[in-house]
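Chemist: Just so you know, the protein sequences line up as chains H and B, in that order.
The first sequence begins at 220 in our numbering and counts up by one.
The second sequence begins at -2 in our numbering and counts up by one.
Read the hints as simulated data drawn from the structure, not as lab findings.
Among these hints, one or two may not hold up.
Lysine to aspartate or glutamate pairs mimicking EDC-like chemistry, simulated, CA-CA at most 20 angstroms apart [said to hold, decoys possible]: (1) Lys547/H - Asp106/B; (2) Lys488/H - Glu445/H; (3) Lys547/H - Glu342/H; (4) Lys385/H - Asp421/H; (5) Lys26/B - Asp421/H; (6) Lys384/H - Asp421/H; (7) Lys553/H - Asp106/B; (8) Lys518/H - Asp493/H; (9) Lys26/B - Glu254/H; (10) Lys547/H - Asp45/B; (11) Lys553/H - Asp45/B.
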Amino acid sequence: MREGSMRRGGWLVVAAVAAAVVTLGLAALLTNIFERRQEARNPFYRVVELNDTITDPAVWGRNFPLQYDAYLRTVDMTRTRYGGSEALPRQPTETDPREEVSFSRLEHDPRLREFWAGYAFAEDFREERGHAYMLSDQIFTERQQVAQQPGTCLHCHASVYVPYKKLGEGDLMAGWEAANQMPYFEAAALAEHPVACIDCHDPETMQLRVTRPGFINGIQALRAFEGVDDYDVNQDATRQEMRTFVCGQCHVEYYFQGPEKRLVYPWAKGLSADSILAYYQENGHTDWTHAISGASALKAQHPEFELYNQGIHARSGVACADCHMPFKREGAMKISDHWVRSPVLNISNACQTCHTQDGEELRARVNQIQDRTYEMRNVAIDATLQLTRAIGEAAAADSANPNLAAARDYQRRAQFLTDFIEAENSMGFHAPQEAMRILGNAVNLARIGHGALRGERLAETAAQVAPEQTVSPGREPGGD
Amino acid sequence: MVRRWLPLAVVLLVGVVVGLGAFTFVYAKGYSYLSNDPSVCANCHIMDEHYAAWMKSSHKTVATCNDCHTPHTALGKYYVKARNGFWHSFYFTTGTFPYPLRITPPNHDVVEDACRYCHEPIVESIDHDVTDAITCTRCHRYVGHWVR
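Please construct the entire structure, taking both the sequences and the accompanying hints into account.
Modeler: Right, here's the structure in full:
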């Protein structure tokens, strides 16, 4: 009798627990549905009035908390196979208070010290970190100690839209010209934030916009070359183009023109590495005199926009933001991820929206492309360096050697093409075949340069056979 | 003493479960999932983009959500609806699901059977006992609701 009632009591307890668990689940489901409905009802709350003078992203973030949260995460440091950055501890010094830095590319590949000998990059060159660090990493790089840098650099290392407009008394272009001519630290004192909301968004409509004079002028020169006059990017570009152009404001090759240190994107002859090199060959621009060979050398910067435009993703109408700021879900909302980072760190959202293979397979494909490019990059650096050293030795033996000038020009060209892929931040991924073509041409120029140094005139293979792709060839994404 | 209030408490608890369940079911328009109307599948916001893509797809005029995503037997249809209803509720509540959404293997089998249900005459002539190796959607993945 007693035992039976115990058993019944036991079952009742089990039933009670089960009922509680189910109730818990139902309550969670109910509140979840309720929350999603509330979110969908009003996706945007205007808490502050934004205008064209507010740089501080925290103020914009009050209206757009989800985007702002993601934007703040660019402080994260994560290594990828060929890029990204892990946080390395560092002893702060008087000129550089940073306690964490990313790894030194010069220690990783000591050949680069020779490659850029005589230029500030041979002193300090680290892997780039997230957007959050763009201003501080530039202020504290050792390159600031070994060379006097112009205010032009701020164009892409700070939120300069409001400072430029202030400096130009309302005229963005005038303010930019003025800032270019200031010493770096004087111009840096005008800026407070790394890239901010206002640099890419209109404060009234949130529409994408280009605010960087370098890109406004550069794309206009490119379009003029293609036969389109008076191109105004903020009026004439499509929405999908703008999702690439806002990134192209800075992720590009550039140089400082003349004593006024005017920032110019060298696109007046086209956008490929060959077109840009042809532009420099014509105007004779030189970044520095190479310390080993005496060549008038060129430093390629970070031509992500240019290389991407020669690739299959650009051809298919995929924008930078599609992979680097893919759409994500936050409750009932679908927003673009403002945590700008390598797609390899976010394969699910970045790649698998279009590519249905599993994540590991996609990662393996990226690795294969990058490993192959890296191998060829190493070959091209060696080829260029061997020519550089040979010229240096020949010049030391006889500084009046009549073959030096021709050989130095070949080195200049080989070096630029090699650096174009070395400095580009995708290790070939943005346009794999184009990257290999450029590196192959670099090795060839180094080979011909050795001949020139001996007084031989080896035939140069006629350059680019396939015409380069124009920006945004215009195919819609998602087609098969 | 215990014998007297324990059954009462359990009955109360069960009543709460049933009541809360019924309220949630009605509030979330759970009953609408019993219908064939494609718009009710977009009751949850996450399905909006798939619903929009289906509207533009080649199959819009010939197949609704249920035609491809539930079996063509009465029992199978409601079993699959119940199974997916439970797991959707579970994953959307906990938030532990991959995005972009991808189909699970059992649900993909349902789709594969649905393709063959209508296209059997064509499939029959090309299907050579390699059904495990190749599925319809491997090539024809754009026909239903291709997002992007």
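Chemist: Next pair to validate is Lys26/B with Asp421/H; report whether the Cα-Cα distance is within 20 angstroms.
Modeler: 40 angstroms, violated
Chemist: Lys488/H and Glu445/H were given as a pair; does the straight-line alpha-carbon distance stay at or below 20 angstroms?
Modeler: OK: Lys488/H and Glu445/H at ~9 angstroms, within 20 angstroms.
Chemist: If you draw a straight line from the CA of Lys384/H to the CA of Asp421/H, is it 20 angstroms or shorter?
Modeler: 15 angstroms, holds
Chemist: Between the alpha carbons of Lys547/H and Asp106/B, is the straight-line distance 20 angstroms or under?
Modeler: Roughly 27 angstroms separates the two Cα atoms, so the pair is violated.
Chemist: Would you check the hint for Lys385/H and Asp421/H, treating anything up to 20 angstroms between C-alpha atoms as holding?
Modeler: With Cα atoms ~17 angstroms apart, Lys385/H and Asp421/H stay inside 20 angstroms; holds.
Chemist: For Lys518/H and Asp493/H, compute the direct alpha-carbon distance and say whether it is at most 20 angstroms.
Modeler: 14 angstroms, holds
Chemist: When you check the alpha-carbon spacing of Lys547/H and Glu342/H, does it fall within 20 angstroms?
Modeler: Answer violated: Lys547/H to Glu342/H is near 41 angstroms, above 20 angstroms.
Chemist: Verify the proposed pairing of Lys553/H with Asp106/B, using a straight-line Cα cut of 20 angstroms.
Modeler: 29 angstroms, violated
Chemist: Given the hinted pair Lys547/H and Asp45/B, is their alpha-carbon gap at most 20 angstroms?
Modeler: 14 angstroms, holds
Chemist: Need the status of pair Lys26/B, Glu254/H: alpha-carbon distance at most 20 angstroms?
Modeler: It holds: about 15 angstroms lies between the C-alpha atoms, which stays within 20 angstroms.
Chemist: Just to be careful, I want the Cα atoms of Lys553/H and Asp45/B compared with a cutoff of 20 angstroms; is the pair within it?
Modeler: With a Cα-Cα distance of about 10 angstroms, the restraint between Lys553/H and Asp45/B holds, given a limit of 20 angstroms.
Going down the numbered hints, you'll see the structure goes against 1, 3, 5, 7, while the others check out.
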